[in-house]
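Visitor: Sequence:
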Amino acid sequence: MTANDSRIWTGLWWAYFVLVSLTTISSWFQIHSVLDGILAVFNGYGLVGLWGYLRRTAIGWRRFWVLYLVLFSVAAVYSVGLVAWAAVVSRTAMLYYMIVATTLLCIPQWLALWRYGFRSAPIWQAARVAP
2 MTANDSRIWT GLWWAYFVLV SLTTISSWFQ IHSVLDGILA VFNGYGLVGL
52 WGYLRRTAIG WRRFWVLYLV LFSVAAVYSV GLVAWAAVVS RTAMLYYMIV
102 ATTLLCIPQW LALWRYGFRS APIWQAARVA P
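If you want our numbering, it's the position in the sequence shown, counting the first as 1, plus 1.
Hints are computed from structural coordinates only; laboratory data are not their basis. Please read all numbers here as calculations on a predicted model, not as lab measurements. C-beta atoms are modelled at their ideal positions from N, C-alpha and C, and glycine is treated no differently. Not one of these hints is a red herring.
Quick list of simulated restraints, FRET-style, between CB atoms:
id, residue 1, residue 2, range
1, Phe-30, Trp-86, 23 to 31 Å
2, Ala-87, Gly-38, 16 to 24 Å
3, Thr-58, Val-101, 30 to 38 Å
4, Val-35, Thr-58, 25 to 33 Å
5, Gln-126, Tyr-97, 43 to 51 Å
6, Trp-86, Arg-57, 33 to 41 Å
7, His-33, Val-130, 43 to 51 Å
8, Leu-83, Ile-9, 32 to 40 Å
9, Ala-85, Val-35, 24 to 32 Å
10, Trp-125, Thr-93, 42 to 50 Å
Given only the sequences and the hints, what does the whole structure look like? Please build it.
Guide: Below, the structure is given as C-alpha cells:
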C-alpha cells in the first residue's frame, strides 16, 4: 500500500467517524424511553472505541472492548433482523433500503472494534508500560 492509499483510507475512516458521530449525537435528542437512553449511551461507547482505534490510543481496558464487540455484534444482528422482519411483514420498500443502510453502517464499526480489541496488541502493550 502506498502512502497515498494510506491517506485515502485514513480519510475514509475519519469520514465514517464523523457520520457515526452525527448519528450518535442525533440519537441523544430522540430519547423517549429508558431503552432509548440505554441505546444512546451504548452507541456513545462505540464512538469512544472508534476514536481510540483511529487515534491508536488505548482507552480503558482491552477486555472491555472485546466484551463491547460481542454486545455490539448481538445488537447489530438484532437491529438488522428487526428491520428485516418489519420489511417482510409490511412489504415496504423503504425498509429494505434501511436494511442495507443499517448493515453498511454496522460493518465498518464492527471491523474497527474487532481490530481495536484483537489486532491492536502494540496499543495495549504500550498502555501497560506507560506510567
